[in-house]
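Got chain W; can you put chains V and U on it based on the hints?
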Amino acid sequence: MKVTVLLSAGLHPVSGRPCPAAVELQAIRLAHTLGTPELTGLHAGPAADAVRDALGQGLPRLLWLETAVEDDPLAGLVAALATDRPDLILAGRQAQGADDSGLLPYALAKALGLPIIADAVAIEPAGEGAVHVVQALPRGARRRVTVRLPAVVTVHPAAPTALPFAFAAARRGTVERRAGQAALRSGAAIDERPYRKRPKLIAKAAAGASAADRLKAATESAAGGGRLLVDPAPDEAAREIIAHLRELGVLRR
Amino acid sequence: MSAPAVSLVAMLYVLAVIAAVMMGRRVSLWRAGRPMQVDWLKGIQALPKRYLVDVHHVVGRDPFTARMHALTAGGLLAGSGLLLLAPLAGGFRLYWALIALLFAAMLAGGAMVRKRRTPKPARLSGGRFNMLPLLLIGYAAGCFLVALDAASGGWLWLLAWPGLWLAAAGGMGLVLQLDRGPMRHAFAGALHLVAHPRPGRFEGRRETALAPLDLEAPRLGVETPADFTWNRLLGFDACIQCGRCEVACPAFAAGQPLNPKKLIQDLAATIVPGGTNAAYAGSPYPHARAVAGVGGPQQAIIGREAMIHPDTLWSCTTCRACVEECPMMIEHVDAIISLRRHETLECGAVPEKAAPALAELRYADDAQGRPLVARTDFAAGVPLPLISARGEADILLWLGEGAYDMRHGRSLRALLKLLHLAKVDFAVLGPEEKDCGDLARRLGDEATFQRLAGDNIATLARYRFRRILTADPHALHTLRNEYPAFGGHYDVVHHAALLDELVAAGHLAPGALALADVTYHDPCYLGRYNGEVEAPRRLLDRLGLNRVEMERHGKRSMCCGGGGGAPLSDIEGETRIPDIRMGQAAATGAGIVAVACPQCTAMLEGVTGERPEVRDISELVLMAVEAAASPADNRAARQPEPVA
Amino acid sequence: MSTMRLRRDPRTERAAHRIDGTARPRFDLAAAAETTGGRLRRNPRAEVERMLVAGTSRRRLDRSQRSVSTPLHIAAPAETAAAPRLIVIEEPAFLVAVVPDAPGGRLTPHDRQMIGAARLLAEKGGAVLALLAEPCEEIGPAGADRVLLVEASTGYDPEGRSASIAMAVDGLGVRHALFPESVDGGDIARRVAADLGEALFAGAESIAANAVTRASRGRRVEQRRAPPRLISLAADAALPYAGAPREARALQDDPMPTVPTRRAILAAEIIPADPARVPLGEAGFVVSAGNGVTDFDGFRAVAAALGATPGASRVVCDAGLMPRAAQVGASGTVLEATCYFALGIAGAPQHLQGIARCEHVVAVNTDLHAAMIERAGLAIVADAQKVMPALLAALECETETTA
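Protein chains in written order, with our numbering: chain W, 1 to 253; chain V, 1 to 644; chain U, 1 to 403.
Since the hints were made in silico from the structure, they are not lab data.
Treat each hint with caution, since some may be false.
[Claimed, not checked] Computed Cβ-Cβ distance ranges for the label pairs, DEER-style:
1) W:R144 - U:F296: 28 to 34 Å
2) V:A374 - U:L321: 22 to 28 Å
3) V:A374 - W:P157: 22 to 28 Å
4) U:T399 - W:G113: 50 to 56 Å
5) U:F296 - V:R547: 29 to 35 Å
6) U:P349 - V:A122: 40 to 46 Å
7) W:E236 - V:A122: 49 to 55 Å
8) V:P431 - U:L321: 51 to 57 Å
9) V:A374 - U:P349: 16 to 22 Å
10) U:P349 - V:H287: 30 to 36 Å
11) V:A458 - W:E124: 33 to 39 Å
[Unchecked claim] Covered stretches of chain V, as calculated for chain W (at least 3 residues, CB under 8 Å):
12) 358 to 364
13) 368 to 374
14) 388 to 398
All C-beta atoms, glycine included, are put in the ideal place defined by N, C-alpha and C.
So that you can see chain W by itself, here it is in the shape it has in the complex:
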């Protein structure tokens, strides 16, 4: 099976130095669960510093399409993938280094005419020409989707952690450098400034919610001030706990 992993020019969130995006490294690990695929990393961008380290984390070879900083990587990637025709294209949930909008895999799938499945945490072979993709849903639930290949699959951060970095493997891996395609990024002018963290708007006593919800939100403030039972009989304590948990909706039986 031919598998291509899309790699982006990640940045470390604290130091700001180039570093591979964690979720793409997890994608490499998922590719390894498909037996021994013919695995290639694909990156389009002006530099491959960040991506090169992925060679130490399970990627044997990297194809680097060299483009200018202002180029849109999509056209080059589509051209490369259209000639290479991998069975499975893996990408992170959200690439880094540019807009971080997570849109590229979708645009790519559209351009290549391939189906796309989002948020994989596991991929298993499912007979000839198909795979089971296990998707992460909130709160630990999963959806198992069988999809016909070729397909694009994006990987969720809940997937197994990446293979650890091996310096010697990074040294051994090969980087093939090709000229990319020049394609100007489209889109309206966007004002940019240094990121500033905004406080989350905690809508505890959501005024738009029903009166019962408001009451609930007000009575169960997280900052304590709840009910206190001192030395109840164990049975009584158990009853109280069960009633309380049921009220919170976490006890489903």
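Then chains V and U, alone, in the frame of chain W:
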């Protein structure tokens, strides 16, 4: 010469030939290792001193064993050596009397060997070792009888003939043990002293720095025995399985699957093609993980299908207690790091929680990915001059990663206040300071270590300072002993030593503290790695504290469990190392454990339940100085403030 | 009995007694003037009365009722007496579409926030149009003026759904379309963007009529622009709509037709979370054991019976009584759970850091002054070791009666 004497001498020559063959076989095995230049002439010249002084310095910690070894080895070597001269001197009865005397001494030694092993302490090995006292006594008794007969002029021929048989049986047994048995230590040990990989150890130098690894080498670290240099292989064969390392090892005590003695025996077993660990008869690895237990010179050492389980490798705290205790001068930690380097650099097989830490070190220069500017946050209100603003300072304060920790931040704040009080001209690198690389290096990630070392050395080269001060012995060791290999030569001083200096010079005037008894816990990287055990004690004594010692202290102190990335490897055991160490501290009856290392602080503070308070030396000094400044509050200062 | 009473306002009272038309102020104190004004005043006696638990011989107070006495709620009956007026927009100047996840026809908090954000964008004469997969009762009160059913074809077919939504967005000339940046919502948003060949302003972190912002380049740069057509909204970035209910009129009688797609998805099944095996960080309900628990088989049975993911404090993990992966706290796992149930955990600061993001905490501990008791919504000062069997028995008893 009498007939039994002639026969004995002839037999000895035969045994010598057999011994030479046995030794030759072993030597040929070592040749599988990588080449290593050894200064033979110097080594051989230094052998008597290395053996009589350095080895016996270690052996002598147990006087009974020292006497036992002196008698046995002395008698055996001198007696047998003299016997080989019989063709020249065989006619003199005095010669035979001397030989009889030597073998009598050996006989006494052999009896002591027997006595030491009944009942057998847990740290000693069984198996082939059970035969050893019998063989020694047999050979010594036999030779003694024959020599006595010859000395008496043949009067005791009735005793001499059985003696000859006894000597032959014992001698043959000993010679056959030269290959795999206990007697291997005799010739491998002697050669190990000659061709020791760290000859500086015998010249009083600090030989504790890890050797740099050539990152361009075709294979990084040690995968198979053949990747060790030949004199390291020789070192493994020198082990006599005395178990002193096992007793000293903190991981062994905590029930983690590491036993330095078994580790060395496993490594020695892999030298032989088709080797197995079946012959080992000492204590196993506690809670040993299942392994195939097979190996060979070209076979991988680490792995479930090989000789040593990875958990064994990652249990080590690199505290060097085993190295300190080893009478055969074996370098366990070097071997472990070499093996770790292969695991980390070639296979990426690091413990689960170590992988993210190494990744953060690679991309953010801090093991927890914290911003470098946040390193100085702990100072909060205490002025902390940046060297970048001035370009030079008398003392450069290296903060280390402990500065991020709230608890150790308090110790550092105390140090800062003391430096200000003593009017010391100091500055910090601030955001320019990167992790010193200690953690990466102990976890085998030499590539990251070398990058961090290079970056830090380049930063330090931009500024002028006389000395580097640090409160972190790990950083101290790395900067002082390991950076020189990369071109960074610094005068590094530990904060306990500097505070001692400042108090001695009168720049700080501590009052007498009336606190509970204090016991000082030596950090491995300060005491064992750097031999600094006196300055902290002197300093504590200057504070008027009543100091009590734990049983294990100074260079023989026990690790807190915080070194070598062990908290990250987090290998499961029965207990935690800091709990054991805190138990030892509590057993002294002390109310305060004085520490001098952020790792020790963190590990010992993590112990729950009733226990002595943990105080960094700088905190105690500050208390004393403040007590002196305001004698009225002296009483109030008696109780250490509680730690949140 | 009301727990509130009006605070007397002597000035207003006097003013009510004043006789009009005289130059000098004169008052007729005998006249029964209506006291109209005055601020509400707490009535502590009435509050306590209300908190009394009936049917027990010992006087017991149910303090969970405490906050009922805030003025907000006592004021509410007067307002809700007159049914809130329905707000109707007959001729909207433009449409702002929202695509809620609405699993099972119920809006998630994230959906409500998104509708709140859409109301901001629809301020000047616009209407909010909800594109729903199935009918939803709550959509009008939540703030939608118009509703259009975009029926999904059977099974999991994100491609078909997104194609229909794209058709609706394009066909109706929608000015803005908002999506929640959730697992499914984010997926649909990107599919629609790809279908329309437009950019998506993904994961907006603040939203107003004139500008939206989002993080990019690894959260180092903030992008800011006038709201584009396609926006997906991060969680907790906008407040839910708080106004009077909206009409939620069906835009057209028939639902949007589904767009046929080449079915590349051969099968799909939901695997519900198994609480015992969910990674702690993802679990919704965690029950955790600390020093106060000695019977760990019993503890695991309680966790299984509650359908909760088992966790533990550091001490317990250090002692090897629970696996290291179960450790909750700063050095273990930081939870995202809805509810955290702590059995015999005092609550070391590092442990509390690990549960900082938990919405509800239930604690059982012998120490009344433990930090965990302070933090808990329901705190029970008792021996966890005794409460656990009682819990098990009560849960078993319940399953028997239901069975």
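Do the hints match the structure? See the list:
1. W:R144 - U:F296: 28 to 34 Å: holds, 33 Å
2. V:A374 - U:L321: 22 to 28 Å: Given about 35 Å between the Cβ atoms, the range is violated.
3. V:A374 - W:P157: 22 to 28 Å: holds, 25 Å
4. U:T399 - W:G113: 50 to 56 Å: Roughly 52 Å apart at Cβ, these two residues keep to the hinted range, so it holds.
5. U:F296 - V:R547: 29 to 35 Å: violated, 43 Å
6. U:P349 - V:A122: 40 to 46 Å: Distance hint for U:P349, V:A122 holds at roughly 42 Å.
7. W:E236 - V:A122: 49 to 55 Å: Given a distance of about 54 Å, which is inside 49 to 55 Å, the answer is holds.
8. V:P431 - U:L321: 51 to 57 Å: Between V:P431 and U:L321, where Cβ atoms are some 43 Å apart, the hint is violated.
9. V:A374 - U:P349: 16 to 22 Å: holds, 19 Å
10. U:P349 - V:H287: 30 to 36 Å: Since the Cβ atoms of U:P349 and V:H287 sit about 32 Å apart, the hinted range of 30 to 36 Å holds.
11. V:A458 - W:E124: 33 to 39 Å: violated, 49 Å
12. 358 to 364: Since 5 is at least three, the answer is holds.
13. 368 to 374: With 4 residues in contact (Cβ-Cβ under 8 Å with chain W), the coverage given for the segment 368 to 374 of chain V holds.
14. 388 to 398: violated (count 0)
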